[in-house]
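Visitor: Taken in order, these protein sequences are the chains called A and B. Counted the way our numbering counts, the first sequence spans residues 1 to 326. Counted the way our numbering counts, the second sequence spans residues 1 to 325.
Some hints here could point you the wrong way.
DSSO-like, lysine-lysine: derived pairs with alpha carbons at most 27 Å apart [what the hints assert, rightly or not]:
no.	chain 1	residue 1	chain 2	residue 2
1	A	Lys140	B	Lys108
2	B	Lys32	A	Lys169
3	B	Lys157	B	Lys3
4	B	Lys40	B	Lys3
5	B	Lys108	B	Lys157
6	B	Lys108	A	Lys169
7	B	Lys157	B	Lys32
8	B	Lys157	B	Lys196
9	A	Lys169	B	Lys40
10	B	Lys32	B	Lys3
11	B	Lys304	B	Lys196
12	A	Lys140	A	Lys169
Where chain A lies over chain B, by a calculated footprint (3+ residues, C-beta under 8 Å) [what the hints assert, rightly or not]:
no.	segment
13	47-58
14	68-80
15	88-94
16	100-112
17	139-145
In short, the hints are calculated from the structure, not lab data. Here a beta-carbon is modelled for each residue, glycine too, at the ideal position from N, C-alpha and C.
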Amino acid sequence: MNTTADKTSRPDLLALYRRMLLIRRMEERLGDVVQSGELPGPVHLCIGQEAVAVGVCAHLTDADWIASNHRGHGHFLAKGGTPHAMVAEIFGRDTGICRGKGGSMHVADFGRGILGANGIVGGGIGLAAGAALSAQLDGKGRVSVVFFGDGGANQGVVSEVLNIAAIWKLPLLLVCENNGFSEFSPTSTVTAGEIAARAQPFGVPGVTVDGNDVISVWRAAGEAVTRARNGHGPTLIEARTYRWRGHVETERSFLSEKYREDDEIAEWRGRDPIVRLEMQVLEGGTTQAELDAIRAEIADEVERAYAEAMADPPPPDQSAFQHMLA
Amino acid sequence: MAKKRLIQAINEALCEEMERDPRVILFGEDVKISLFGDTKGLAERFGEQRVRNTPIAETAMSGMAVGAAAAGYRVVCHMMFANFLYTGFDAIANQAAKLHYMTAGQIKLPIVYMAVMGAGRSAGAQHSDVPYPMLMNLGGIKVVVPSTPADAKGLLKAAIRDDNPVVFLQPARRGGEQGEVPEGEHVVPLGMADIKRPGTDVTIVAIGAMVRHALRGADILQQENISAEVVDPRTLFPLDVATILASVRRTGRLVVVDEARTTCSAASEIVALAAEQAFDRLAAPPRRVTVADVAIPYAPSLEKAVLPDEHTVVRAVREVVGARR
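Throw the hints in and build the complete structure from the sequences for me.
Guide: Structural data, given as structure tokens:
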């Protein structure tokens, strides 16, 4: 998935498709597991938002850094994290990427430049800026990306980091996935103005893209990554998308009323980023049979990841007392 | 050995460690001009890439320290006054203290958050705290408080070389204590207390700027034929329980002098340890000499009224020595 970015290059659509479909199927399966009551903790699914993670991470290598948020499974997989290691972590197994000590909100794979999902809204923004500082000092053209939501956009650290990243020209992408809801509050009720416009006063490019169109995301991210790698500083990308599932999977058990209409969800389901990409891929000459083969492969990969993870052992109790200090 | 102020010893340690390891970087507010003198000359010597003035943005700074350390640098993040740790506390408490654990050791965070702490200069309640009690409770952060220039140098060098986040709190108002500082390679391992004065009748555990009051108090008590042992923990987390309790077992009496507010102070933890693990050797109930549960006031007379000094130490020791269990 390491595509170089310039305005004339085109993405490997099938590679993007595979990765988006993997995220979708992994998340759907997780949603089913939640229903069965087999998961120990809360999960926040990113179904409907896959194009953002995949369109951005297509430009990154293991040497680049990402910091994510509580809705972080898609970023983990898009950056090359292993499906089994992620599921095992969410199940709290010893084979999990964090040996069962982090869970869904803390999947991290340091070897692949994944600094981790994060349970604190906006918590990854400072981390990514720090990794960008390291990347700048190393001088090897690495970049750092932070994914946060429209909720995270309202944390003060966004303006602190926009300011410092602009002055220091840090190789940083601030990617805001605006999915319409800050937890249970519609974005418009808690957010003034346009999020992308918040970059402008700092002299940082701020772009808005259709977050359900992976090619648009890929193009915008490609320009931003090139800018960053060439030492021209940060970019803020606001990707407009929609969260199909709840803020947290179990929300119906504690919410006393609905905070959005079924019609709205149905409308956005009609703008499914994966269906849209399928159509583009088919127009490009790929056959339905080829797509079906990819689907079968992904289904198989997901099934194996879950079956293996569910059979894996829990961590030994004594591990709870390890790793507090290095 | 040359006599130096604590703040000069810190400057020396920073300079030597930046010289020794090109991956040591330092940033903070006004570190180039250096309010306290501890970062003076570093930008000129090591360049503006490795030594950077930041905006006044503690949330970003404390978080960037985590990201830069995770991505391979040894980061010294100067938070200026210890109260400003509160402003940047999310990254310290939720990120730095937990990422190594939550990732099962994948991520190492060699960070030193340094700050000047303590009262005594009429700086008011927002510039006078000693926030180590809450830091000790985080578990994933080492907490270091030197009392002498030599210890400050040696402990800071060890802190910079440590693979954990360390909060290094400097009792450095007016430049701090003066004392002999060994030249060159002088490293004081973290987690080791130091007996600043041996004695037989009572153990006084004193932290940071309180060590001076404990030593002066011990001088006064000597004239009353009370022999006080003064123990300086130097590292508050992890605490050198063995050295502290060995002293308590020898003397049978304990007074802890701590500039923190009483409730959940470091003194509370040390007294609890003595009660749990050395109860049978205690000849009298231990005593905490701390700041009452109030903010640090501004007026010099009020500030003096709330802070421990050698006289409060002496009074507490007399009571403990006179008391029987």
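Visitor: Now tell me, hint by hint, if it's right for this structure.
Guide: Going down the list of hints, with the structure as the test:
1. Distance hint between Lys140(A) and Lys108(B) is fulfilled; the C-alpha atoms sit about 21 Å from each other, no more than 27 Å.
2. Between Lys32(B) and Lys169(A) the alpha-carbon distance is near 20 Å, which keeps this suggested pair within the 27 Å criterion.
3. Annotation: proposed proximity of Lys157(B) to Lys3(B) holds, straight-line Cα distance about 19 Å (limit 27 Å).
4. The suggested pairing of Lys40(B) with Lys3(B) holds, with an alpha-carbon distance near 18 Å, which does not exceed 27 Å.
5. Annotation: proposed proximity of Lys108(B) to Lys157(B) holds, straight-line Cα distance about 18 Å (limit 27 Å).
6. With a CA separation close to 26 Å, the supplied pair Lys108(B) and Lys169(A) stays within the 27 Å bound.
7. For the suggested pair Lys157(B) and Lys32(B), the alpha carbons sit about 20 Å apart, so the restraint of at most 27 Å is met.
8. The suggested pairing of Lys157(B) with Lys196(B) holds, with an alpha-carbon distance near 20 Å, which does not exceed 27 Å.
9. At roughly 25 Å between alpha-carbon atoms, Lys169(A) and Lys40(B) fall within 27 Å of each other, so this suggested pair holds.
10. Between Lys32(B) and Lys3(B), the direct Cα distance comes to roughly 24 Å. Compliance with the 27 Å bound is thereby established for this hinted pair.
11. For the hint linking Lys304(B) to Lys196(B), the alpha-carbon distance of about 25 Å falls within 27 Å, and the restraint holds.
12. Simply put, Lys140(A) and Lys169(A) have alpha-carbon atoms about 15 Å apart, close enough for the 27 Å limit, and the pair holds.
13. Chain A is given as covering the segment 47-58 of chain B, and this holds because 6 residues of the stretch bring a CB closer than 8 Å to a CB of that chain, at least three being needed.
14. Taking a C-beta to C-beta cut-off of 8 Å, the segment 68-80 of chain B contributes 7 residues in contact with chain A, enough for the three needed, and the coverage statement holds.
15. Check result for the segment 88-94 of chain B against chain A: holds, 3 residues qualifying (beta carbon to beta carbon below 8 Å, three or more required).
16. Look at the segment 100-112 of chain B against chain A: 10 of its residues bring a Cβ nearer than 8 Å to a Cβ of that chain, three or more, so the hint holds.
17. Residue count for the segment 139-145 of chain B with a Cβ under 8 Å from a Cβ of chain A: 3. That meets the three needed, and the coverage hint holds.
Violation of the numbered hints given earlier is absent; every hint is satisfied by the structure.
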